[in-house]
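Number of protein chains: 4
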Amino acid sequence: MGKQTMRFMSDNTATACPQMLAALAAANHGFEMAYGDDPWTQRLDQALGAFFGAPVRAFAVATGTAANALALATLSPPYGAIFAHHEAHIACDECGAPAFYSGGAQLMLLPGEHAKLTSSTLAAALDAHPVSVHTVQPAAVSISQATELGAAYRPDELSRLTQVAHAHGLKVHMDGARFANAVTFLGCHPGDVTWRAGIDVLSFGATKNGALAAEAVVFFDASLVADFELRRKRAGHLISKSRFVAAQLLAYLEDDLWRRNAAHANRCAQRIGLAAGSRLIAPVEANEVFVQLGADGKRALRAAGFEFYDWGAESAGTARLVAAWDQDEAHVEALCAALNAL
Amino acid sequence: MGKQTMRFMSDNTATACPQMLAALAAANHGFEMAYGDDPWTQRLDQALGAFFGAPVRAFAVATGTAANALALATLSPPYGAIFAHHEAHIACDECGAPAFYSGGAQLMLLPGEHAKLTSSTLAAALDAHPVSVHTVQPAAVSISQATELGAAYRPDELSRLTQVAHAHGLKVHMDGARFANAVTFLGCHPGDVTWRAGIDVLSFGATKNGALAAEAVVFFDASLVADFELRRKRAGHLISKSRFVAAQLLAYLEDDLWRRNAAHANRCAQRIGLAAGSRLIAPVEANEVFVQLGADGKRALRAAGFEFYDWGAESAGTARLVAAWDQDEAHVEALCAALNAL
Amino acid sequence: MGKQTMRFMSDNTATACPQMLAALAAANHGFEMAYGDDPWTQRLDQALGAFFGAPVRAFAVATGTAANALALATLSPPYGAIFAHHEAHIACDECGAPAFYSGGAQLMLLPGEHAKLTSSTLAAALDAHPVSVHTVQPAAVSISQATELGAAYRPDELSRLTQVAHAHGLKVHMDGARFANAVTFLGCHPGDVTWRAGIDVLSFGATKNGALAAEAVVFFDASLVADFELRRKRAGHLISKSRFVAAQLLAYLEDDLWRRNAAHANRCAQRIGLAAGSRLIAPVEANEVFVQLGADGKRALRAAGFEFYDWGAESAGTARLVAAWDQDEAHVEALCAALNAL
Amino acid sequence: MGKQTMRFMSDNTATACPQMLAALAAANHGFEMAYGDDPWTQRLDQALGAFFGAPVRAFAVATGTAANALALATLSPPYGAIFAHHEAHIACDECGAPAFYSGGAQLMLLPGEHAKLTSSTLAAALDAHPVSVHTVQPAAVSISQATELGAAYRPDELSRLTQVAHAHGLKVHMDGARFANAVTFLGCHPGDVTWRAGIDVLSFGATKNGALAAEAVVFFDASLVADFELRRKRAGHLISKSRFVAAQLLAYLEDDLWRRNAAHANRCAQRIGLAAGSRLIAPVEANEVFVQLGADGKRALRAAGFEFYDWGAESAGTARLVAAWDQDEAHVEALCAALNAL
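Taken in sequence, the protein lines are chains A, B, C and D. Per our numbering, residue 1 is the first one in the first sequence, and the count goes up by one each step. Per our numbering, residue 343 is the first one in the second sequence, and the count goes up by one each step. Per our numbering, residue 685 is the first one in the third sequence, and the count goes up by one each step. Per our numbering, residue 1027 is the first one in the fourth sequence, and the count goes up by one each step.
Some hints here could point you the wrong way.
Stated by the list, open to error - Part of the chain D face toward chain C, derived, beta carbon under 10 Å: (1) Glu-1058; (2) Met-1059; (3) Ala-1239.
No lab work stands behind these hints: they were computed from the structure. Each residue gets a CB set at the ideal place from its N, CA and C atoms; glycine is no exception.
Could you build the full structure based on these sequences and the hints that come with them?
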């Protein structure tokens, strides 16, 4: 908050975008039924269906952890196995939420370049896991789009992966906390990296990309919804004045706000990536940049007023630089200059 | 939504009050640390401490169910017993959230006039529950202020109850979804019906009384906080852009907004109560009115455009009429006239 | 253990009967597949099917608490409601096992004479529990045969109760820790108070009636088995050397051992009941006798060397006197004399 | 069960040893208090204390899965992290029991030769897991003695590992399903590979080594017992006629029965290991032998009447050959001949 501070810590530190605040004000008239029986919430299925180009069932929640954990608990029994990358947010940053919500499902963590799972890694893991009454039961795969290392799955990568999963009876969940960034980078249709590629359930994030607090769990197969609504309620994630969450999501979809916000963040990240050059440890395909700086490099940047998180162990010398939807371009310029000067 | 509709269904159907929307806009500047390390969230302890006249630890969440369940899970082990009124919100309206969050705590449901627990009822229940390795272990009492029947506990009622609880080693939680309404009715200091009366943890509600979505779990004994923050995170209730929840709560406390909002709702309820006369099944001590109407009475009111919920079984003929912070006084007048005409 | 001690505390304090120990020895030859793939375990379905006169799926476990909790967790989702008598073993004596196993199901505890649920009590409770996304979802009814007060449900009582349950979509579980005693008292066929009367799942107890440690969960509807076996395994209740549990159960069924053991215990209880006369607080219909003794009466009996538990609060003055399959008749005579002398 | 069948599938397929059956008969006299208040159960602490050469608190259960899961649930909160080898029984063969019992603890699975964890692997894993409110909280390490690949940890290996664990605030659990085999192989004192080496809690197995069904959870630090007894009860693992489990354990310790049984099994395994020669994939340090046979080798052995499990994926061509306490030496000779003939 000092004058010199330039934050690249997380897109969660960003503001909410004006269109979303305006949507709250616009929804704030008259008595409306609570708990989702309001016109805003009831428009979600249609609005997200139009966005994805397919019928969906969509449910608003306030946080990404809730979206992920509720989706996974709906897909996995308490004795289920959920396959994911070992750097996945659900494995590393949600304090055990998937196990809590599912009643004990076990994460089966796999390696993969740029935090991606591949179809062959998944196939090998499933082969090495003979199923009996003694084992956890393979139930789901969870992947992140963009990944934790800022990479974007291509549609064909996803198709190959979901084919393996479905062939083994597993459902596929996508953590889309930065879904807009990935789709914007890929320049594809949102359906191309979801239902057309075999994704069953998506955590559709908006908070990091401009909302105050709004995410949606999107089911592309209505039969999978099952008891989702009961699980959401007993977790305290059924918002009483639901219109205020739904209104954010509707505004997010309108006039491609999601894409405009993501495009700005992505452009900033691309420029940082160019400046980082050979220091990059992963391709820049969303709004995050992972850079090998070493202890000296990190110290120099921080001394110059740049704030960012270490990635992995502090001693590894790797920085995560995140650009937000409202990132100040002057700060980006300054960061690029500082990276060039290292 | 038709022209003639006059809603008395729930204070959850109300709008958000302008001061709280304004607080969102005021907080929407600059990059701020996520997950509570922002100036708004960090002011909560002090602001709520000033409100209660005692040091507190306070944690913002988005829903009352989350507040209640997280508080109770912090107080009770998975094999604990939580004593509550059989009409309590945690028993009837939260889809099993306390058991989910605590990992299985058993609700021990007790009777009591106007949905209040009394010290003697609690003492008798504890005496009839000899504790051994075979039984659930008494851990907590949970009461509602105001109660589910719109009654307000007096300070001395609370003190007697918490003395019994504490003497048996139980902690006491208060569900304060309508705390402001009760305190406003009682005309007392917020501390008089909380820490001074032996309450250990309070779910401090703001949503029903004008917020968009903001509640706080308030610990009057810092040692009870224990692992609350980890439980909140793994439940997906740690809001990333926490400033927007905290800002609502701070605005709620400022200039007695909480009391002004509650006072309006209470006044409306009082007028409805007067009109209901001998049909009342509980005293009107907050913003809810419970009226014995019979099938004909309910039909007549609904035909006249009034919307409200049945209370208990439909066949019981009882209506719950709730007045909100922004209830239209003309609707209240119309309702009173209709009640008088029955 | 002193010479003078005469135990009427619990049928759990009894010995194992010789036929069951002999069965262990008889099964102790050769290498047999573990975890139930042995001839003894594989004969259980057929043997219990013959016993009940209907096809069953039966699963051996070591304790009654495991049997009850596994059965209920199979019938109820984590957000389910299980209706039971407020004195039921699952509510009072299993340290919260049903909630643990089900992941949080809520017990809905009802009153009833002699610890029986009636169809009308159940119907009223269901009517008073309007179901929505906010409520726990009615899933099962659990009753005890014999009840916690030593009473036996008649077939028609059961039929009326299960009809109400089934009409509301609930499944019915019977805790048969003392099933043999009830059936022996009633003089009916085991099928008359189970599947013919609408019972869906039975915890079939043998331990209290002569086994070392052997119970079976018996499904009368194979489709309800669902994931029972996975739940049993992850609870650590799939016994590796399963033949030794199954052998006990097979011996228990052979030559009506179950009935002979129960008949002795019941006869002892009947004699005690006669001696107790008007002090009885419940009819003697199994092997337990509940007697109002007052503080003086209890003290006198204990001073004379009789051991037994208080029933309910100590101050209530009520004793529970239990006769086991191997109860010493001389002790029973002595107890009757002492009761007569009070 | 055919004449030609020679089983090397599991020590769980073995019989119970006569001394243990005899102990059941010897304990089967008189009425004894249930649920552990009997002289056999009450002697466990002292008997196991003498065995280990240190004061212990010991609790009998019927299965190894129950022992492991109860121990770990006592050491780890629901949001805890438990570090273990990726081939550990708790990870692969207990259907998610640790997560069920702990309420969601996450297994952090690590590699290691011969299914051993090393201090450096653990240290690296802990360094790579920065702890915050967003992460699961490191709580425990669980290792197996002997390991899943039949290797035995040396005392100094254990000491180094437990030092790293303790330095990070983690407790250390040992799964001793084949503890007797490891100790017998090492020729050390039971205390040398438990409390003297920093082990906090041990699952002390007897079932695989001659019991019918008897394991003990042994705490070397009484303060860690915490709520173990409540957790055991609500899991249905408090055996009512506890004397029959305790009597097995006492007989197991008497006259070094544990060592004599293990020595026979180990000797058989050693001979098989010698015959396997370079096909061994792990040293033979207990009663299990892991042999690379290829598809042809496996087929040949099975055609000759030998029964055994594949280890890992069937396609890997690896066999697990287990020798039991009562393994027929003629079968061992035949197996050795068959291995030599491959």
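For each hint, the structure was consulted:
no.	hint	in the structure
1	Glu-1058	holds (6 Å)
2	Met-1059	holds (6 Å)
3	Ala-1239	holds (6 Å)
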